[in-house]
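Q: Here the structure of chain P is known, so what remains is to put chain Z in place on it, guided by the hints.
Listed below are the residues making up each chain.
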Amino acid sequence: MSKNKEDLQALMDQIPDNLFVKCPICKENFYNKKLGIYKVCPNCGFGFRLGADERIKLTCDKFKPIDEDVVAPERFLNDKKYAGKLEKSKKVTNLNESVQTGIAKIGDQEFGLGVMDWRFIMGSLGTATGEKLARLFEKCTKKGLPVVVFSCSGGARMQEGIHSLMQMAKVSQAVSDHAAKGLLYISVLTDPTTGGVTASYAMEGDINLSEPHTLIGFAGRRVIEKTIQQRPPKDFQRAETLLKNGFLDAIIKRSDMKSVLAKLLAWN
Amino acid sequence: MTKAYDRVLAARSADKISIQNLVAGITEDFMELHGDHAYGDDPAVYAGIGTIGGEPVTITSIQKGNNTDENIKRHFGSAEPDGYRKALRLMKQAEKFNRPIINLINTPGAYPGVDAEYKGQGYMIAQSIIQGLKLSVPYISVIVGEGGSGGALALAVGDTVWAFENSVYSILSPEGYATILWKDSSKAADAAEQMQLTPKDLLSNEIIDKIVPEVNDSESMQNFKNALIDKINELKKLPKEELLAKRHARYRKFN
Numbered sequence: 001m002s003k004n005k006e007d008l009q010a011l012m013d014q015i016p017d018n019l020f021v022k023c024p025i026c027k028e029n030f031y032n033k034k035l036g037i038y039k040v041c042p043n044c045g046f047g048f049r050l051g052a053d054e055r056i057k058l059t060c061d062k063f064k065p066i067d068e069d070v071v072a073p074e075r076f077l078n079d080k081k082y083a084g085k086l087e088k089s090k091k092v093t094n095l096n097e098s099v100q101t102g103i104a105k106i107g108d109q110e111f112g113l114g115v116m117d118w119r120f121i122m123g124s125l126g127t128a129t130g131e132k133l134a135r136l137f138e139k140c141t142k143k144g145l146p147v148v149v150f151s152c153s154g155g156a157r158m159q160e161g162i163h164s165l166m167q168m169a170k171v172s173q174a175v176s177d178h179a180a181k182g183l184l185y186i187s188v189l190t191d192p193t194t195g196g197v198t199a200s201y202a203m204e205g206d207i208n209l210s211e212p213h214t215l216i217g218f219a220g221r222r223v224i225e226k227t228i229q230q231r232p233p234k235d236f237q238r239a240e241t242l243l244k245n246g247f248l249d250a251i252i253k254r255s256d257m258k259s260v261l262a263k264l265l266a267w268n
Numbered sequence: 001m002t003k004a005y006d007r008v009l010a011a012r013s014a015d016k017i018s019i020q021n022l023v024a025g026i027t028e029d030f031m032e033l034h035g036d037h038a039y040g041d042d043p044a045v046y047a048g049i050g051t052i053g054g055e056p057v058t059i060t061s062i063q064k065g066n067n068t069d070e071n072i073k074r075h076f077g078s079a080e081p082d083g084y085r086k087a088l089r090l091m092k093q094a095e096k097f098n099r100p101i102i103n104l105i106n107t108p109g110a111y112p113g114v115d116a117e118y119k120g121q122g123y124m125i126a127q128s129i130i131q132g133l134k135l136s137v138p139y140i141s142v143i144v145g146e147g148g149s150g151g152a153l154a155l156a157v158g159d160t161v162w163a164f165e166n167s168v169y170s171i172l173s174p175e176g177y178a179t180i181l182w183k184d185s186s187k188a189a190d191a192a193e194q195m196q197l198t199p200k201d202l203l204s205n206e207i208i209d210k211i212v213p214e215v216n217d218s219e220s221m222q223n224f225k226n227a228l229i230d231k232i233n234e235l236k237k238l239p240k241e242e243l244l245a246k247r248h249a250r251y252r253k254f255n
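Chains P and Z are the protein sequences, given in the same order. Numbered according to the numbering used here, the first sequence spans residues 1 to 268. Numbered according to the numbering used here, the second sequence spans residues 1 to 255.
Hints were generated in silico from the structure; no laboratory data involved. Accuracy of the hints is not assured; some may be wrong.
As the list claims (entries may be wrong) - Simulated pairs of lysine to any residue, SDA-like, Cα-Cα distance not exceeding 25 Å:
no., chain 1, residue 1, chain 2, residue 2
1, P, Lys143, Z, Gln131
2, P, Lys244, Z, Gly113
3, P, Lys139, Z, Ala249
4, P, Lys91, Z, Ile180
5, P, Lys226, Z, Asp115
6, P, Lys142, Z, Asn255
7, P, Lys80, Z, Asp201
8, P, Lys91, Z, Trp182
9, Z, Lys134, P, Arg135
10, Z, Lys96, P, Pro232
11, P, Lys62, P, Asn94
12, P, Lys234, Z, Val114
13, P, Lys90, Z, Leu181
14, P, Lys81, Z, Gln196
15, P, Lys80, Z, Asn223
16, Z, Lys187, P, Thr227
17, P, Lys226, Z, Asn67
18, Z, Lys183, P, Pro232
19, P, Lys143, P, Lys181
Just chain P, same shape as in the assembly (with noise of 0.2 Å):
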């Protein structure tokens, strides 16, 4: 190597890894501190994936979470590279299960509010998720309080098979008597919504919200491209395209969830 290029390795060697971020949607490149804090690209809206502790500071003033002692039950671990997944999902989101559960405030309004982890095994619909939901609209239904739940999710855990869409129907079947008691249920879509989650839940809001480019499905683009052997048209399971045929209320800029919570959570 030229000393010329030792020279420049070692500035390269110096620049923090990451500095750059490519947005998915619209492939503009940016420093990562234009991100900002709601994670979002300024060029197009897109709003980058947050962790459930990221996206709950954002969303309310106050939490308190709920049922964190429940976990997936003992019978599924005797799959060791299942558990072993449960585990690095565990570490890296310091939560039990893919979605957080509890108790939360906008000013002096209080409500129910869950949030999914994509992080932990790509935010799939687990016993343990689906009883955590389940627990938490039961909870707001006899507390009186309404409930938002930010969906993030690859759809039904496919390591809890059977009973991972057994759980589809135990939390809409909490929604629904939820519902019964006159109470407000607000779903928000997030990036990325789809499989199972889509089909019960996600999907039973008497609101259903959403931020900007997000993916909202049922099936995979590849098991469509592999049934109907072409490439569907590039925004077909994106938020807009929903929007447009119906499925969602309102698309809101992750600036202004907030906002948009604490005025849906007065009127109702």
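A: For chain Z alone, kept in the frame of chain P given last:
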């Protein structure tokens, strides 16, 4: 070949009784009713009213075709949102007229197509589940062949779920499972073994409540019909609150 995968193949077998023949066998005078009264009429969902043991019931089903042409029309038994909307419309009608509901299921899963996504596949399955759970009439589901994922669950949230001897009920196909978890679809047989998708496994996990002997002649048809009549009579005796409370407990226990 593993035992569980044999069951998968038997569930998919072309020799499996068609839903239409099954409906004709258990009802005396079935009349098909079409359409979702909103947009379309999905041929994958076969539904209508007929009498069984002298009592009118609503039957909704997801069916494969009897030949290639029919299969293409029915997407090999994969319903679109219109189909779920049709089924839900007729189930709600059943509730209005206090008629029991029988759902017969043979589907590899909801149809994965661009149009199906545009028309809200996820939304319609969600609505079938949340509204179906609260229908205040006896609601019996039978997995006849394949019970594929959310597309099957949409019609299986009632008071009792049965499965034919040669049937499977799972979160996705064993091929899909092997692809996602092991990046190798050829390991489908191993996947089937692990997925606990056979009627015996499903029964021991309380996902289903009864295994129905395969219907392949007039005697087994009559037995199936009698079992349905008995169950309907049993469920009809329950006051509505109790019926719904028992159903609630059935789904609440999955923790």
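Q: Assess, step by step, whether the Cα of lysine 139 (chain P) is no farther than 25 Å from the Cα of alanine 249 (chain Z), and give holds or violated.
A: Answer holds: lysine 139 (chain P) to alanine 249 (chain Z) is near 17 Å, not above 25 Å.
Q: Is the hinted pair lysine 143 (chain P) and glutamine 131 (chain Z) satisfied, with a Cα-Cα distance of at most 25 Å?
A: holds, 23 Å
Q: Does asparagine 94 (chain P) lie within 25 Å of lysine 62 (chain P) when you go C-alpha to C-alpha?
A: Holds, at about 18 Å.
Q: Do the alpha carbons of lysine 81 (chain P) and glutamine 196 (chain Z) lie within 25 Å of each other, as the hint requires?
A: holds, 18 Å
Q: For the pair we were handed, lysine 183 (chain Z) and proline 232 (chain P), check the Cα-Cα distance against 25 Å.
A: With a Cα-Cα distance of about 23 Å, the restraint between lysine 183 (chain Z) and proline 232 (chain P) holds, given a limit of 25 Å.
Q: With the threshold set at 25 Å, check whether the alpha-carbon distance from lysine 226 (chain P) to asparagine 67 (chain Z) stays at or below it.
A: holds, 22 Å
Q: Can you confirm whether the C-alpha distance between lysine 90 (chain P) and leucine 181 (chain Z) stays at or below 25 Å?
A: holds, 20 Å
Q: Within a Cα-Cα threshold of 25 Å, do lysine 91 (chain P) and isoleucine 180 (chain Z) meet the stated pairing?
A: Measuring from Cα to Cα gives roughly 24 Å; hence the hint holds.
Q: Taking 25 Å as the top limit, are the C-alpha atoms of lysine 134 (chain Z) and arginine 135 (chain P) close enough?
A: This hinted pair holds, its Cα atoms lying about 19 Å apart.
Q: Is lysine 96 (chain Z) close enough to proline 232 (chain P), meaning Cα to Cα at most 25 Å?
A: Violated, at about 40 Å.
Q: Hint check: lysine 142 (chain P) vs asparagine 255 (chain Z), CA-CA at most 25 Å. Holds or violated?
A: OK: lysine 142 (chain P) and asparagine 255 (chain Z) at ~20 Å, within 25 Å.
Q: Next pair to validate is lysine 143 (chain P) with lysine 181 (chain P); report whether the Cα-Cα distance is within 25 Å.
A: Given pair lysine 143 (chain P), lysine 181 (chain P) holds - Cα atoms ~11 Å apart, limit 25 Å.
Of the hints listed earlier, those the structure fails to meet are numbers 10 and 15, in rising order.
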